[in-house]
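Chains as they are written, first to last, in the numbering used here: chain U, 6 to 150; chain R, 134 to 349; chain H, 4 to 633.
Check before you lean on any hint, since a few could be wrong.
Not everything, but these chain U residues come out facing chain R in the computed CB check (under 7 Å) [stated by the list, open to error]:
1. Ala69
2. Ile70
3. Thr76
4. Ile78
5. Phe83
6. Pro94
7. Ser100
8. Val102
9. Val107
10. Lys119
11. Leu120
12. Tyr121
13. Thr123
14. Phe134
15. Val141
Calculated lysine-lysine pairs in the BS3-like style (CA-CA distance at most 30 Å, straight line) [unchecked claim]:
16. Lys545(H) - Lys559(H)
17. Lys230(R) - Lys115(U)
18. Lys504(H) - Lys39(H)
19. Lys222(R) - Lys119(U)
20. Lys119(U) - Lys39(H)
DEER-style ranges, computed between Cβ atoms [to be verified]:
21. Ile46(H) - Lys119(U): 40 to 46 Å
22. Gly27(H) - His256(R): 54 to 60 Å
23. Ile434(H) - Lys115(U): 43 to 49 Å
24. Ala279(R) - Leu477(H): 34 to 40 Å
25. Gly27(H) - Glu303(R): 34 to 40 Å
26. Ile202(R) - Arg462(H): 49 to 55 Å
Derived from the structure by calculation, the hints contain no laboratory data.
From a predicted model like this one, the values you see are computed outputs, not experimental measurements.
All C-beta atoms, glycine included, are put in the ideal place defined by N, C-alpha and C.
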Amino acid sequence: MSILKDLFHYNGNGWWRIPKTSESKTNPQYEHPFGKFAGMSKDFWTFITSGKGHASPAYYWAIAIILGLITMIEVWWFDVDELRYLLVPAMLFFSLVKFILVVAFFMHLKFDNKLYSTIFVTCMVIGVFIFSLFLVLSAFHGLGN
Amino acid sequence: MSNQDVTIQHGEEIKNSTGVSNKKLLMWAFLGSDVMFFGTFIGTFMAYRNKSLNGPYPSDTLDIPITSISTFVLLMSSLGVVLALHYLKESKMVLAKLWLILVIIMGMIFMGFQVYEFSHFAHIGMTPQANLFGSTFFTLTSLHGAHVSLGIIWLIFLLYNEYKGNLTSENAIDLELAGLYWHFVDIVWIIIFALLYLITAGDGVPPGGLPWIAGQ
Amino acid sequence: MSSIIGPKQFQIPRIFPRPMSHSGIWYWLGTVDHKKIGTMYGIVSFFWFIMGGIEALLIRVQLSQAENDIISPELYNQLFTMHGTTMVFLVVMPLSAAFFNWLIPLQIGARDVAFPRLNALSLWVFIFGSILMNISWLTGEAPNGGWFGYPPNSTIQFNPGNGMTFWVLGLNVLGVASIAAGLNFIVTIINMRAPGMTLMRMPVFTWMTFITSILIVLALPILGVAGIQMTGDRVYGTNFFNSEAGGDPIFWQHIFWLFGHPEVYILILPAMGIVSEILPTFARKPLFGYTFIVFSGIIIGFMGWFVWSHHMFTVGLGPAANTAFTLSTMLIAIPTGVKIFNWLATLWGGSIKFTTAMLFSIGFIAMFTIGGLSGVTHAVSPSDAQQQDTYYVVAHFHYVLFGGSIFAIFGGLYFWWPKFTGYMLNERLGILNFIIMLIGFNLQFAPMHWLGLDGMPRRIYTYAENMGWELSNLAATIGGFLIAFSVLIFMVNVFISRINKKLASGDPWDARTLEWSISSPPPHYNFVEIPKVEHIDDWWYKKYPELLEGSPKQTKSPKVTVEDTSNVDESKIHLPDLSYYPLFVGVGLSIAALGVIYSYALVTIGLILVFWGCIGWSTEPVNEPHEKHH
């Protein structure tokens, strides 16, 4: 786990694993694998999330705008005939993203006690797994006969 | 300190084994169980996709633009609930009431769209009895609509209590619970919209003209 | 929802005043005390046990001779359907719930469950749901499609009338009760443990309850969906299982067994928990491999989701699916075996006392192992192809459900009876009860193994004379009557013990867990002071702290005794007040379900009651403000 932390978090020495210096101060502002964009997003994120110890409304508006945009992309995708062959994976991906955004932020799961996440994620995993199994069984009914 | 006078009334103030609110834990566990409920219906729908022998097919009946609007409305109502809760916690009662009213209105608009959709379908001959698509579609969306309606009633009840002064920032957890329920209902709709409408709307007559159970 | 209490204490206007007295019928109807609720669960489910037993005896009488005609085929179908449904949903599940209700708060050191009124709701929905399902007998059309209701046999086309509709609606209502109880216990066990009771210091029964509650909460919604789909098909003409419209009856089997297989783990895990409590007590040894037993329980609960199609091996899923489910089913025997060996190791080297409870627990181990072995033969799909729909399967599930769950429940009854009632059950009658039940049970179900292998199908109301099955069937019938006799002995035992009232101390068995540290029966507030827990089997080590240092010698006299309740200042202890709203909601739900069959007016009345009940419930404070607490 700490490898992942090291890989995706910069601590002033770049995002690759280099031993920490004694002052672990973050100096380079945007030293990140994806460069300036990711850094600026992080700053924007901090800006909109710096409420009075709790998220400000702007934060929720931002999520809502993202949700609206994704919905519009979904409908647009549906309309475009050339992309029809990718419809199913695209719809699954977009709905997954929307799902995670609502659950993590609107339902506050990201910031609450991990117990809630454990319960909900376990139920989702069991549910999705079983019903995928069910769909596979129905689709391949009689396989091997 | 003995727990002798520990009451069992409120989950939020007492010291319990995890420090987590009883009611919120209950609501999350309930939502987990509801996942199985909706998951089974969605699974049935997906298993029966393209297997209708007759009757109005999805491509004839589903109206994506209208449903997109209702989806958008429901998504924004989720925002509304979160804002109502936020303002309630900060005791900005006017804004809290305003947003709660907006949520209720948006929920009712969504239900209005559902009712319109159902009656339109009945007009063109798509009923639960018509074919597999009708059965699975109507049960799933009706149950979702029932959940939304219960949510609306719950929110109206909370709004009434807010006006009476019974719902304040101290017991904001009650609005939070209703909010969790409402968000869950929204999530289910997100999935239904993607699976039932967008993915299925292109389904016409099953490929090959015959359903698989006829000996393919 | 009960904290909508603000400056203006809003309550929905009451037609009836809130019950306040602590005696009389209103006390029992409005109680939210987990102990009273547990008692009511126990009494009602024991009643259904008798009913289900009578249904079984009628079946056995009919089958005792070849080409018998005491019972018509139509009645026979109703009998085996209702016997199965009753025993699974109205007996084993609620008897387990009775134990959960009584024991969980006591074992974790709490004063009540997390949501006492929700607990009462589970009880009343169960009672009225069970009545709903059995009203069908009075209409002459009891359900007749088997306890699993397979279409197309259970569709309205081939099964007209209201029988199966009663079945499906009854199951949905009962599902609500179970889910509410499951949710309640999950929150209780996570959140209301005494200080110092970490998850790995909980008694095994509490752990098994926890896992069972999670299974209930995840599996019962699936049954609810199946029920809604079947109701839609039967009442509203939908096409879920209607092959003429392209529906696939096999989907019912998938959905039902997705519920059904976790359900059987719901039935057996509490029993395993009970046995895990009784064995260490009467072997005077700690449970061997506590961690293994707990984790096996978790693994069983988890893996139980992946085996459902072993009920469908002969349906035509294809060799690929059959093989996958064979493998997963055989794997699930492993954690079960781990538990069995741990129990045996608990007994090994112990100072064993053969009380009735201990005999039932040892009987459980033996009978459940036999049932498990026949289960493993089912797991292999080629051999299952021969066994499916024969009496071999009947033998298997009765060995695990009767020899397993019911034996353990009887053991639990004998073990905890002093705690629940304050007096001991007669041991001699108890041993007689056990012996006759053991003999009768084996006489009834052992022959079914070879009957099944010989080809006797299930669900036949009679059989031809020259099949050679008469002797075994007659033996089975005699066994059935022996079981009935043993249950009668149990009831006589209860009656006589009540008269003799040999008072029990708080800890008559010198047992290990927290519920034995309080008086029998416990005071309504359970614990004078919530205990601080330091070990597994904390009460045991409080009594005999020298055992902690590894001393093999145990003093005869325990260091601490049962709590003294004489000087308790009850005004400091807050317990919730009574409430009749759960009763209202329970009645309303069943009336609404009945209305689906008969008339929409009933549905409306039912739903009005439910809504009124819910709103009243949410505006009612947990305690009336000016009430002097008992």
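For each hint, the structure was consulted:
no.	hint	verdict
1	Ala69	holds (4 Å)
2	Ile70	violated (9 Å)
3	Thr76	holds (6 Å)
4	Ile78	violated (11 Å)
5	Phe83	holds (5 Å)
6	Pro94	violated (10 Å)
7	Ser100	holds (4 Å)
8	Val102	violated (10 Å)
9	Val107	holds (5 Å)
10	Lys119	violated (10 Å)
11	Leu120	holds (6 Å)
12	Tyr121	holds (5 Å)
13	Thr123	violated (9 Å)
14	Phe134	violated (10 Å)
15	Val141	violated (10 Å)
16	Lys545(H) - Lys559(H)	holds (14 Å)
17	Lys230(R) - Lys115(U)	holds (26 Å)
18	Lys504(H) - Lys39(H)	holds (20 Å)
19	Lys222(R) - Lys119(U)	holds (22 Å)
20	Lys119(U) - Lys39(H)	violated (35 Å)
21	Ile46(H) - Lys119(U): 40 to 46 Å	holds (41 Å)
22	Gly27(H) - His256(R): 54 to 60 Å	holds (58 Å)
23	Ile434(H) - Lys115(U): 43 to 49 Å	violated (59 Å)
24	Ala279(R) - Leu477(H): 34 to 40 Å	violated (53 Å)
25	Gly27(H) - Glu303(R): 34 to 40 Å	holds (37 Å)
26	Ile202(R) - Arg462(H): 49 to 55 Å	holds (53 Å)
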